[in-house]
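Assemble chain C with the ligands onto chain A, guided by the hints.
What follows is each chain in one-letter form.
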Amino acid sequence: MKLLTEEKCADTSVTLCRSCDLVIRKRALPSSVRALCPRCHTAIYDAPYCSLNGMLALCLTALIFFVPANLLPVIELHFLGSIRTTTIFEGAMAVANQGYWVVAIAVLTSAVIAPGLLLLSVLSQILIIKYRLEVPFFRDILKRLLKYHGLLSQLTMLEIYMISIFISVFQLRDYTDIHLEMGTFCFAMLFLVTLFLQREYHLEHMWSLLND
Amino acid sequence: MTSPSEQAHRTQGKDVGLTLCPSCKQLMPHAENHCSRCGSILALRDYSSLQKSWALLITAAILLIPANIYPITIFTSQGHTRHDTIFTGITHLIDLDILPIAVILFTASILVPILKICGLTIYLLAISFRLPISKKRLMVGFHVIEWIGRWSMLDLFVISITAALVNMGQLLDARPGPAATAFALVILLTQVAAKVLDTRLLWDRLESKDDAN
Ligand SMILES: [Zn+2]
Ligand SMILES: [Zn+2]
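So the sequences go chain by chain: A and C.
Under my numbering, think of the first position of the first sequence as 90, with each following residue one higher.
Under my numbering, think of the first position of the second sequence as 16, with each following residue one higher.
Bound conformation, chain A alone (with noise of 0.2 Å):
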């Protein structure tokens, strides 16, 4: 039985549904074309297919964005002759100053550090994989960096940050004269990389790279 089970395991043409522990013969795919579990229809495998310096040219690109989106107001408002701008950050300091800290700690979370970190990550993943794969100090990095992958592209929260700087300049315009700014457009090219980047990334390919 031990036998079978460890001949089992290095004949990678099966896999196991994440959803339902179905058994799945793998069979090759095309590109972009993703196989579905038949059982449950959860996302099983896709043709893994990554370009590491495409993605390390949209992982430099969407940190250059980084910064501006951060620090540059996103929307500006006209009052009465008074100018009010505000930037993400001061957005989610603005509800914690007002006691609101489980908010703000969710805004900040999810539109500054986690992407941040996200895009960090990535980039130091390929970095090592590009030139210190062998050394065993950076590999064990890559593993610590891969594990938490999941949970960091789970709470980047980009498009729905993006969303909603449409809706807040929607509901305050029939108050005040209300425009978006340098800030805004910053961050929907973050936004946008930062989605081509992963629609790239694959987080099994870039495990089975630490395979060999």
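Some hints here could point you the wrong way.
[What the hints assert, rightly or not] Interface residues of chain C toward chain A, partial, derived using beta-carbon atoms under 10 Å:
#1 Lys67
#2 Ile109
#3 Leu111
#4 Met154
#5 Val211
[Stated by the list, open to error] Anything over 10 Å on all C-beta distances counts as not near chain A; from chain C, calculated:
#6 Asn48
#7 Cys53
#8 Ser55
#9 Leu65
#10 Ile80
#11 Ser92
#12 Thr136
#13 Phe172
#14 Ala178
#15 Ala199
#16 Leu203
#17 Thr214
[Claimed, not checked] Heads up, simulated DSS-like pairs for lysine-lysine below, C-alpha to C-alpha not over 30 Å straight-line:
#18 A:Lys115 with C:Lys210
#19 A:Lys236 with C:Lys151
#20 A:Lys232 with C:Lys29
#21 A:Lys236 with C:Lys40
#22 A:Lys219 with C:Lys40
#23 A:Lys236 with C:Lys29
#24 A:Lys115 with C:Lys29
#25 C:Lys67 with A:Lys236
#26 C:Lys29 with C:Lys40
#27 C:Lys40 with A:Lys115
#28 C:Lys151 with C:Lys210
#29 A:Lys219 with C:Lys67
#30 C:Lys151 with A:Lys232
#31 C:Lys40 with C:Lys151
#32 A:Lys115 with C:Lys151
Keep in mind that the hints were calculated from the coordinates and are not lab data.
Using N, Cα and C, we set each Cβ at its ideal position, and we do this for glycine too.
Just chain C with the ligands now, with coordinates in the frame of chain A:
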């Protein structure tokens, strides 16, 4: 009677002595305790996840009440202060003729949390009491719940942007109300409740006869 091919179609990892690593998804023999690639602890099934999920879900359902009856935003315009709950905030948007945004916020702040809590309850009931519900449908619903859950953050983002912009005393002022914290916790707890649940339990526990559904 089932044909041999259907039989093979149904083989689970635990029947052939295999399990997936929960963190890196590597195939491992379940006689091992730790994943050989990432060192995570392997579990054939996590039975305690059912209790954890129930506890989180019940807490979230209780918090949904203050989230909906207390004001979530306190808005002052020209000396006149409005206390808006999630619901009155949305009806106010309808009064202002911003219907598309009212629909988006209604979906994200009322529909999604309620659907999530009801959906997870049905899901957990189906596992705990072996209800004869189509497993395939339950699983599709579960994936939808996992995916739409984060959209509830929309309202909190809008509140934080508005509160930072609009603070000009009696003339124009917006601040969050006590429901904001309760609402944030509802989102957090329901997301975690779905995350901790070992969904493989569903496929072990229900009658095998409705497997085809
Ligand atoms: Zn499945
Ligand atoms: Zn592992």
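Cross-check of the supplied hints:
{"no.": "1", "hint": "Lys67", "in the structure": "17 Å, violated"}
{"no.": "2", "hint": "Ile109", "in the structure": "12 Å, violated"}
{"no.": "3", "hint": "Leu111", "in the structure": "6 Å, holds"}
{"no.": "4", "hint": "Met154", "in the structure": "4 Å, holds"}
{"no.": "5", "hint": "Val211", "in the structure": "13 Å, violated"}
{"no.": "6", "hint": "Asn48", "in the structure": "14 Å, holds"}
{"no.": "7", "hint": "Cys53", "in the structure": "6 Å, violated"}
{"no.": "8", "hint": "Ser55", "in the structure": "7 Å, violated"}
{"no.": "9", "hint": "Leu65", "in the structure": "15 Å, holds"}
{"no.": "10", "hint": "Ile80", "in the structure": "17 Å, holds"}
{"no.": "11", "hint": "Ser92", "in the structure": "6 Å, violated"}
{"no.": "12", "hint": "Thr136", "in the structure": "19 Å, holds"}
{"no.": "13", "hint": "Phe172", "in the structure": "4 Å, violated"}
{"no.": "14", "hint": "Ala178", "in the structure": "4 Å, violated"}
{"no.": "15", "hint": "Ala199", "in the structure": "5 Å, violated"}
{"no.": "16", "hint": "Leu203", "in the structure": "7 Å, violated"}
{"no.": "17", "hint": "Thr214", "in the structure": "5 Å, violated"}
{"no.": "18", "hint": "A:Lys115 with C:Lys210", "in the structure": "26 Å, holds"}
{"no.": "19", "hint": "A:Lys236 with C:Lys151", "in the structure": "29 Å, holds"}
{"no.": "20", "hint": "A:Lys232 with C:Lys29", "in the structure": "26 Å, holds"}
{"no.": "21", "hint": "A:Lys236 with C:Lys40", "in the structure": "11 Å, holds"}
{"no.": "22", "hint": "A:Lys219 with C:Lys40", "in the structure": "23 Å, holds"}
{"no.": "23", "hint": "A:Lys236 with C:Lys29", "in the structure": "24 Å, holds"}
{"no.": "24", "hint": "A:Lys115 with C:Lys29", "in the structure": "18 Å, holds"}
{"no.": "25", "hint": "C:Lys67 with A:Lys236", "in the structure": "22 Å, holds"}
{"no.": "26", "hint": "C:Lys29 with C:Lys40", "in the structure": "15 Å, holds"}
{"no.": "27", "hint": "C:Lys40 with A:Lys115", "in the structure": "14 Å, holds"}
{"no.": "28", "hint": "C:Lys151 with C:Lys210", "in the structure": "19 Å, holds"}
{"no.": "29", "hint": "A:Lys219 with C:Lys67", "in the structure": "41 Å, violated"}
{"no.": "30", "hint": "C:Lys151 with A:Lys232", "in the structure": "34 Å, violated"}
{"no.": "31", "hint": "C:Lys40 with C:Lys151", "in the structure": "22 Å, holds"}
{"no.": "32", "hint": "A:Lys115 with C:Lys151", "in the structure": "21 Å, holds"}
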